[in-house]
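Protein chains in written order, with our numbering: chain B, 1 to 308; chain P, 1 to 589; chain W, 1 to 229.
Because the hints were derived from the structure by calculation, they are not lab data. Warning: the hint list may mix true and false statements.
[Claimed, not checked] Computed cross-link-like contacts, SDA-like style, restricted to lysine to any residue with a CA-CA straight-line distance of at most 25 Å: (1) Lys176(B) / Thr74(W); (2) Lys96(B) / Lys65(W); (3) Lys75(W) / Arg203(B); (4) Lys176(B) / Val208(W).
[Said to hold, decoys possible] If you want the footprint, here are the derived chain B segments under chain P, 3+ residues with CB under 8 Å: (5) 158-172; (6) 242-252; (7) 270-281.
[Unchecked claim] Some but not every residue of chain P turned toward chain B, in silico, with C-beta under 8 Å: (8) Phe92; (9) Val96; (10) Phe97; (11) Leu99; (12) Arg107; (13) Gly110; (14) Gly123; (15) Pro278; (16) Ser281; (17) His470.
The C-beta atom is built at its ideal place from N, Cα and C for all residues, glycine as well.
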Amino acid sequence: MSELLQAITIGIPQGALYGLMGFGIAMIFRSAGTLNFSHGYSAMVSVLITLSAMQTFIGLNILEGRLALFAAIPVGLIAGAVFGVLIDLLLMRRVKHVSPASMLMITLGLLLVFEGAANLIWSPDYESFPRLLPGPPFIFEGAGLFEGIRVVFRRNDIAVMLIALVISVSMAALMKYTKIGLAIRARGQDPVGAQSVGINTNRVDSIVWGLSITLAVVVGILIAPITRVHPTMLMNTQLLGITAAVLGGFSSLFGAIWGGLMIGVLERLIDIVPALDGYETAIIFFLIILILVFKPMGLFAGKVGRKA
Amino acid sequence: MKRIFLLGSGILAAGLIAFLLTGGTYTLGNLSLVLVWAIAGMGMVIIIGNTGQLSLGHAAFMAIGAYSTAIFTELLPGIYGGMLLGTLIGLFIATVFALLIGLPALRLRGYYLAIATIAFGVGMEQAIRAMPFPNPVYNIPHILSFTRPGPIRDIATYVLMTALFLLFYAIGLVILKSPFGVKFRMIRDSQVAARSYGTNLAANKLQAFIVSAVFCALAGSMYAVTQGVIQPVTFGLMAAIDLLLIIIIGGAILLEGGLIGSFIIVGLPALVLEELVPPGSLTLIYGILLIIFVIALPSGIATELYIMWNRKMQVPYMAVLRFLYRLKPVKGSFVETIEGKQMYYVAQGEGPILLYIHGNTGSHQWFREVMDVPGYRTVAIDLMNFGRSDRIETTDDIDTYADHVAAFIDQLGLETCYVAGHSFGGAVAMSLAIRYPNKVRRMLLIDSAPIDGLPLGDDSEARIEALRRHYGVLKSAIGKVMGSRSKDRHLHSLLTKEALLMNREAYFNHALALDDFDYSEGAASFNTPALVIRGVLDPLISDEDARRTAEALKAELQVFDNIGHALIIEDPEAFKRLVVNFDPGEQAS
Amino acid sequence: MLKVSDLKVSYGPIHAVKGISFSLEKGEIVSILGANGAGKTSTLFGLMGIVKSRGLVELKGEALKRKNSTEPTTKGMVLCPENRRIFPELNVEENLRLGTFVRGDFAANVQSVYELFPILRERSRQLAGSLSGGEQQMLAVGRALVASPEVLLLDEPSLGLAPVIVDEMFWVLKGLSDKMSVLLVEQNATKALSISDRAYVMQNGSIVHSGNADAMLKDDSLRKAYLGM
């Protein structure tokens, strides 16, 4: 029982991160029309930038400790946003009208560029990254009815949950109530229709790219304490983010978040079974194939049938 | 066949150069690796470039091949037994998995297929990682274990890999040129069209998956037995991206793209010695390269080269061929005709003059097999602007050509001739005979342009440009005119080279000249004996045309069965008999 | 109202619109007719800045830059595109509201749209993707109308609709001409000519004929040659 609960308490925060990653990937897919294979990698470089900024602040004695971290975070977020906008402006715009395959190839090229740059400019080494909420984990020990149950809540996970919640709610609000959110949704549903009402779809695309990558940077910063900072730190998360987007069915952005949560928990649950130890990732990936074949619109599909 | 030979010699030559440049056989090891990846690359050319299935998980098949070979070589006593068995089992397992991943592929397209195949690839890597194999697997016996490590082994491995590559290249060529390949490409270009053609889409897609999987599995097996070490990450996401890079940069449609791409992606880094270069810089450069290629050279090097060859390099190519051909020594003579221009001719035999006038893009060589007509002195000319005769101002008027022939006759003091004109030359002959009746005593028209000319078609301009600008097109056109002789490669090649000698500026003018040509009225006063000949299979001149011409010239019409546009090369003996029979006066004397 | 001079639209090596000039006066309904692939949609896209185009486009005397569709729409030229192109996951009212994204007072204009197409008021909370073809077309036109256009561009509004609905649609369109100028692109030449003042015929990217709509309707040889009637 403890194990089950533990799977959930660790799986959900982890899953929230997959979900946020997937949300950004799904947003780019819906709007710009391509799967972004460099999503995690551009975020990873931004995390490296954050780390360097923090180290610079400390090194120049401007700030110390936690303050340096919190001052460095906006730097990383802005870097992510800039990457996103530049990718769309300089590269995607050129091949947007040629074919989706070209866009896909470019994202693969960007994957290599970001990974190579990370190795070159920083290093392949693993560096540590401070947790947002340091301190010992909360341990819950059951009494009475719940005798024998022991669940650990890591502090960082609590930060992750809170931030994920805030972001999800903000994104939802953005999409529903702001003009730009409306423009993003309209462009994603029908680009020509959006242009017909005067929406500048090129500008919307750049904003989508910038926003998505910024979200991925948030994921990177939250996960960095656990994976440590290195060029392939977000590789797995990105793949699982794509999985989350697939589960959610690209047409539903928030479906990606639910999909992510499911994957996070599933990962931990498979871990409990000794025989399957080590096979979690393999199982999840073969699961994707099944879902793509039998439920390509995602697990939550139901509404107006939309071809992604 | 030629391609295989060229490619093979090229690869071996490259090996030789590498050996000489570096003074050792170490680089051959790297080049062998290039060939191994090239085989996998060809698998990608088949599945992505030719069938249009965006599979990004084929590295998994390489893993299957590699691990299968490695494990069985280890397990079984006797190295080669294990190696062979392992490789075969690898191919079998790869086929099974190809079917497994192929089935979902039947329902998925584009991105969804890409995601599914990536999931397959990464999933396979993770699964292998979780299996109880040592990680990494060391000490896999070399495929040439009976040799000792050293220069001989390096060279032998390189030759062996070259042979293996060429074998799979040949297999790939056969498959792609076969109906299978045609169906694959139909699937790539339009699934709707493919379905309506009646193909079993599902079966064909699975076949493509299986073939490409086998290529990759074999490559993986060879990787294991030449490199000696494998680990799951060798065939992971990066390998999948490498495979994609190989065909994007090398070219996805032609099998050669696998080799070119592999050389650039796998060979160059290894040759440049990755350790000497700061980590990450190669990855960065390849990423930038990929982006540049996608934006600027979307079809990859091999295809772009192919396109460039056909679009831009043909004209220079023909110029070079022409230049080299002109250097050949000539056996004929030159005579001045009008305003200092020289006409080239060859002559043979003794007797009354038989004057041969060739057709468009032709020359005296078209008559080379009928120069020996008994009892005559055959004179075969190159019209002005053709062959080795001088160039004159391009003209739309057949009469100009005829005038030069008339001058030629005068210069040689020939008085009156028996004239035989072929095709375009027939029009020249008619112009000559009608306007200079005392120079022509008898006329033979072989598959000649009709008395009222040949009208220009709607697409003439485009077709003529194609002839002018592309050697292959010209060659094929000449082949058609050669009728049943077109299979004679030597003659075909000779006549095509002669065609190169025609004044390039005159192509369209000649078509205009034939369009303008009309002596239906002039023929009224014509009363020289003439014979019009047509081959039944002639694609250019119709039966109607021949009849009309014969009628206008009050000439006889003779039709030859089984002959096309060129009796003079299709059945020289028949032509010679004809020539003699039509000239009874001469026979008598 | 609208003056177009030497408009050119190319997609790479393909010249879809080869330098055409035409005009639209205030209160006129003008049709552009022609077969598939004649370049009609490309012309409209070029006017709106949805695809790159060269040439001069003047709206009420002011030259449009046409870098994207925001400027032409804001200045009063509104497109109702081919194939409806409504937003399937939003409801009818949200779709209409988007029509005023850059121009137009929603509250003030939506009522008159509901008057013209009462079925939209009935279905205002229904998802647009679940409407019938005819209803979606009305929605698309309504979305264009809420922006108070001065020049309304309509791309094949009759496509795929039942004749009865087409009649209803065109009756509405005819009534609009007192408030705005209408440029109507259509394959259904008879219907288009019946409500138009003037018409142009396009073929292979160029204008091959222009004139009075009534005269064109009655000219048999013209109808056979270009309009396939």
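Hints versus structure:
{"no.": "1", "hint": "Lys176(B) / Thr74(W)", "in the structure": "holds (23 Å)"}
{"no.": "2", "hint": "Lys96(B) / Lys65(W)", "in the structure": "holds (22 Å)"}
{"no.": "3", "hint": "Lys75(W) / Arg203(B)", "in the structure": "holds (19 Å)"}
{"no.": "4", "hint": "Lys176(B) / Val208(W)", "in the structure": "violated (48 Å)"}
{"no.": "5", "hint": "158-172", "in the structure": "violated (count 0)"}
{"no.": "6", "hint": "242-252", "in the structure": "holds (count 3)"}
{"no.": "7", "hint": "270-281", "in the structure": "holds (count 4)"}
{"no.": "8", "hint": "Phe92", "in the structure": "violated (20 Å)"}
{"no.": "9", "hint": "Val96", "in the structure": "violated (15 Å)"}
{"no.": "10", "hint": "Phe97", "in the structure": "violated (11 Å)"}
{"no.": "11", "hint": "Leu99", "in the structure": "violated (13 Å)"}
{"no.": "12", "hint": "Arg107", "in the structure": "holds (6 Å)"}
{"no.": "13", "hint": "Gly110", "in the structure": "holds (7 Å)"}
{"no.": "14", "hint": "Gly123", "in the structure": "holds (3 Å)"}
{"no.": "15", "hint": "Pro278", "in the structure": "holds (6 Å)"}
{"no.": "16", "hint": "Ser281", "in the structure": "holds (5 Å)"}
{"no.": "17", "hint": "His470", "in the structure": "violated (28 Å)"}
The structure shown violates the earlier hints numbered 4, 5, 8, 9, 10, 11, 17.
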